[in-house]
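Engineer: Top to bottom, those sequences are chains A and B. Counting from 1, position 160 in the first sequence corresponds to residue 160 in this note's numbering; the numbering is continuous, with no gaps. Counting from 1, position 73 in the second sequence corresponds to residue 73 in this note's numbering; the numbering is continuous, with no gaps.
None of these hints come from the bench; they were simulated from the model. One thing to keep in mind: the hints can contain errors.
Dumping the calculated SDA-like pairs for lysine to any residue here, alpha-carbon to alpha-carbon at most 25 Å [claimed, not checked]: (1) A:Lys-159 - B:Ser-143; (2) A:Lys-155 - B:Asp-269; (3) A:Lys-161 - B:Lys-240; (4) B:Lys-240 - A:Gly-134; (5) B:Lys-239 - A:Gln-50; (6) A:Lys-159 - B:Leu-275; (7) A:Lys-43 - B:Lys-192; (8) B:Lys-142 - B:Asp-186; (9) A:Lys-155 - B:Glu-105; (10) B:Lys-239 - A:Arg-126; (11) A:Lys-161 - B:Leu-33; (12) B:Lys-240 - A:Ala-41; (13) B:Lys-240 - A:Pro-151; (14) A:Lys-159 - B:Lys-192; (15) B:Lys-240 - A:Leu-140; (16) A:Lys-135 - B:Tyr-52; (17) B:Lys-240 - A:Gln-50; (18) A:Lys-109 - A:Asp-42; (19) A:Lys-135 - A:Ala-188; (20) B:Lys-243 - A:Met-183; (21) B:Lys-240 - B:Leu-33; (22) B:Lys-247 - B:Leu-277; (23) B:Lys-108 - A:Ala-188; (24) B:Lys-192 - A:Gln-50; (25) A:Lys-155 - B:Leu-277; (26) B:Lys-239 - A:Lys-174; (27) B:Lys-108 - A:Arg-126; (28) A:Lys-174 - B:Ala-67; (29) B:Lys-239 - B:Thr-280; (30) A:Lys-155 - B:Lys-108; (31) A:Lys-155 - B:Leu-275; (32) B:Lys-68 - A:Gly-125.
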Amino acid sequence: MVHSEARDMHMSASDVALIEVGKNVQACMQCGTCTGSCGSADKMDITPRQLWKLVQGGFREEVFNSRTFWLCSSCYFCTLRCPRGLPLTDTMAALKRIATAEGWFKDRKSPFFYRAFLDIVRKYGRVREAEMMGKYFLALANPAVALSFTPLGIKLMVKGKIALQMPSFSGPGKLDNLYRKVMELEAAQ
Amino acid sequence: MKYFYYPGCSLEGSAKEYDISVRALMGALGAELEELDDWTCCGASAADTSSYLLSMALPARNLALAAKTGMHADFLVPCSACYLNLMRADDHMSHDSRTADLVNEVLKEEELSYKGGLRVRHLLDVLARDVGPEKIAAATKKSLTGLSVAPYYGCQALRPYSVFDNPEQPTSMDALIRALGADVHDWSMGAKCCGAGLMTTKEEVALNLVADILDAAQGADCIATVCPMCQMNLEISQKKVSKMRGKDLGISVLYLPQLIGLGMELPADGLRLDLNLALTESFQRLLAAGAVR
């Protein structure tokens, strides 16, 4: 363990999770092909190559304070080109997973969006775009974000592409049982 | 040609015209699409940010539904994100017995199970390899001569599962476009990323990616897409990126089955071009003048 806070032998859940994720990139030789292949790299605070080094070393705060993994759009170019064949895109997703679970995010947009999405899917089995966006805006509690999407919302509505269906407020969700079982099994691991 | 048809959530909403044109085109080509009864969301890119097991169980539920019917057919998917998730669930369950056991324990809740063996196919794969350019050429009634088309593949139809095309420099659309009598726009952006979900959560990043694609497409009459997320991202931000780059980056964007349908003279209600968000005036004039149709 290299990380400073872990020196006192007090490992948090995200430390343990990060060690697990670190196995994915253990063989990274820092060639930088991932960074060179990444369309979002110039907007990242640290490059993918640097991120893997920090993940390998278990530098929890540096990893999770970075916005790098949130900027991964899952284009899979890095995964395709990695000369070591490492599952880099999946590793970005694993970091999003830990950050969401542990509340390591400054910009709430990504985790709140994903949460709204999954809630709607649990409820109806399928995405209802209008209700999902409504839920997302409500959770963000930021009218400016909602307003910035209004022109698109109107355009889609005029074209009849988003149906305003009555949300159901009560009753069991379509995929309640599936979600419950997933949580049960994951907790048991 | 008989397929399980999995439209996916976008095709019920913002990508209605994709669903309509896929059904119309495949029907006209003599393929039978059997929509999967009771299908549910594949998890998109959201499930994997919450739980790995959920990201497996959501797509696997649909594969299990198909397996349960006992019908032997490939699983046809027009959305690239759905395609990737379904492929990934099948791949991981086939190669990792622990994952397969866990997913099947979840599926038991729905009285389902999946043992693998279904073949998941992207719409483009089916058009390029099952249908093929010869059949498209034979079915073309109105040659799209003089129309220049920029084939846009995006990411997840090609990567990480590179089944039917080169994941760096894809060409599977070329022959289909030429079969219609149209020209292929010479560019190298076909496999680059549109930003996907970042358009919602990290707009500044996605706009940059879209601007590069639209810029490289200039000179073509339209872009052809095979994914609802790509289509939407390329359509909705044209004004913003034009302002950002200080030049007009507007261009018409069509779903590939809409484009093929134009050549085959499918009726307008099978194409629903009126639902597209980015059809330039010049393209509409071409359509109205019957130059395209």
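Engineer: Compare the structure with each hint and give your call.
Structural biologist: Evaluation of the provided hints:
1. A:Lys-159 - B:Ser-143: 29 Å, violated
2. A:Lys-155 - B:Asp-269: Roughly 20 Å between the alpha carbons, so the hint for A:Lys-155 and B:Asp-269 holds.
3. A:Lys-161 - B:Lys-240: 22 Å, holds
4. B:Lys-240 - A:Gly-134: The hint holds at about 23 Å.
5. B:Lys-239 - A:Gln-50: Violated, because 35 Å separates the two Cα atoms, which is more than 25 Å.
6. A:Lys-159 - B:Leu-275: Since the Cα atoms of A:Lys-159 and B:Leu-275 sit roughly 6 Å apart, the hinted pair holds (cutoff 25 Å).
7. A:Lys-43 - B:Lys-192: Given that 25 Å is the threshold and the Cα spacing comes to 16 Å, the pair holds.
8. B:Lys-142 - B:Asp-186: 23 Å, holds
9. A:Lys-155 - B:Glu-105: 43 Å, violated
10. B:Lys-239 - A:Arg-126: Distance ~31 Å between B:Lys-239 and A:Arg-126 Cα, so the pair is violated.
11. A:Lys-161 - B:Leu-33: 23 Å, holds
12. B:Lys-240 - A:Ala-41: 21 Å, holds
13. B:Lys-240 - A:Pro-151: 12 Å, holds
14. A:Lys-159 - B:Lys-192: 29 Å, violated
15. B:Lys-240 - A:Leu-140: Holds, because 23 Å separates the two Cα atoms, which is no more than 25 Å.
16. A:Lys-135 - B:Tyr-52: 23 Å, holds
17. B:Lys-240 - A:Gln-50: 32 Å, violated
18. A:Lys-109 - A:Asp-42: With a Cα-Cα distance of about 20 Å, the restraint between A:Lys-109 and A:Asp-42 holds, given a limit of 25 Å.
19. A:Lys-135 - A:Ala-188: 30 Å, violated
20. B:Lys-243 - A:Met-183: Outside the cut-off at roughly 46 Å; violated.
21. B:Lys-240 - B:Leu-33: 38 Å, violated
22. B:Lys-247 - B:Leu-277: 19 Å, holds
23. B:Lys-108 - A:Ala-188: 17 Å, holds
24. B:Lys-192 - A:Gln-50: 23 Å, holds
25. A:Lys-155 - B:Leu-277: The hint holds at about 8 Å.
26. B:Lys-239 - A:Lys-174: 39 Å, violated
27. B:Lys-108 - A:Arg-126: Roughly 20 Å between the alpha carbons, so the hint for B:Lys-108 and A:Arg-126 holds.
28. A:Lys-174 - B:Ala-67: 20 Å, holds
29. B:Lys-239 - B:Thr-280: Answer holds: B:Lys-239 to B:Thr-280 is near 12 Å, not above 25 Å.
30. A:Lys-155 - B:Lys-108: 42 Å, violated
31. A:Lys-155 - B:Leu-275: 10 Å, holds
32. B:Lys-68 - A:Gly-125: 19 Å, holds
Of the hints listed earlier, those the structure fails to meet are numbers 1, 5, 9, 10, 14, 17, 19, 20, 21, 26 and 30, in rising order.
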